[in-house]
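Following the hints, put chain B in place on chain A, whose structure we already have.
There are 2 protein chains.
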Amino acid sequence: MNRIYEDADIYIEWEQSDIPWVKIFTHQPYKELTECPEALRRKLFDIYTIVEKAMIDYFKPTKMNMASFGNYLPRVHIHVMARFEADSHFPEPMWGEKQREGAMELPDFRLFEALLRERLKGLK
Amino acid sequence: MNRIYEDADIYIEWEQSDIPWVKIFTHQPYKELTECPEALRRKLFDIYTIVEKAMIDYFKPTKMNMASFGNYLPRVHIHVMARFEADSHFPEPMWGEKQREGAMELPDFRLFEALLRERLKGLK
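Sequences listed follow chains A and B, in order.
Using my numbering, the first residue of the first sequence is number 1, and each one after it goes up by one.
Using my numbering, the first residue of the second sequence is number 1, and each one after it goes up by one.
Hint data in this document are derived by calculation from the structure and do not stem from the laboratory.
Be aware that one or more of the hints could be misleading.
Copies of the same chain look alike in the list, so a pair counts if it fits in one copy or across any two.
[Unchecked claim] Computed cross-link-like contacts, BS3-like style, restricted to lysine-lysine with a CA-CA straight-line distance of at most 27 Å:
| id | residue 1 | residue 2 |
| --- | --- | --- |
| 1 | Lys-124 | Lys-98 |
| 2 | Lys-43 | Lys-98 |
| 3 | Lys-121 | Lys-60 |
| 4 | Lys-98 | Lys-60 |
| 5 | Lys-60 | Lys-31 |
| 6 | Lys-23 | Lys-124 |
Chain A on its own, in the form it takes in the complex (with noise of 0.2 Å):
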């Protein structure tokens, strides 16, 4: 399953990738993200916040790397990625050149899920 969270304004979904990268969508499309009603574009950036700092503690990562762009698919999504200096872009940006093959021992994605839901429980 894709999908790692979700409630009436949002939904979390993975990114296959060899890094720890999710996309978090607004369920109604908006183009950007200032076409968001004010208080669904707070309630993202605080999703964002709590998602980078679970990934922090969980995976440990070099650095957090945020995007949102669209410019495929004009709809509002924010990508949330754990880099490591072993990963296969770093210090490129994942849409950068390639480095490299990612060759990094992970804790369990699946443990992460359950973290992130717990954190994301008391969200309004």
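Frame of chain A; chain B shown alone:
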């Protein structure tokens, strides 16, 4: 002058590019967004929102792009990019493969600075 805006917490600078592209920095260096004090992190996202909206109103881009990496220099900064179908990389991110020589006729960047400073005036 490369610097567009500055207050006690934040400064905004141009990135040299064929597109309208600015970077929002905190004066105090933090490695990750979640290491910023909450009020500062919220201010960063609020400023992102003001910059995105100002770019949409002024440059009328095809799509807005946001990113925060810091893999080379692990210091929090947010990229705000106005993208156009005729720009050098569209629809790839600006870190992806170059697609063409950028060829847009864009309104004056200095007048955008004035608009942005005006909109940032109310900010705390």
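These are the hints, each one checked on the structure:
| no. | hint | in the structure |
| --- | --- | --- |
| 1 | Lys-124 to Lys-98 | neither (39 Å within a copy, 41 Å between copies) |
| 2 | Lys-43 to Lys-98 | neither (33 Å within a copy, 34 Å between copies) |
| 3 | Lys-121 to Lys-60 | within (22 Å within a copy, 39 Å between copies) |
| 4 | Lys-98 to Lys-60 | within (22 Å within a copy, 33 Å between copies) |
| 5 | Lys-60 to Lys-31 | between (33 Å within a copy, 13 Å between copies) |
| 6 | Lys-23 to Lys-124 | within (19 Å within a copy, 31 Å between copies) |
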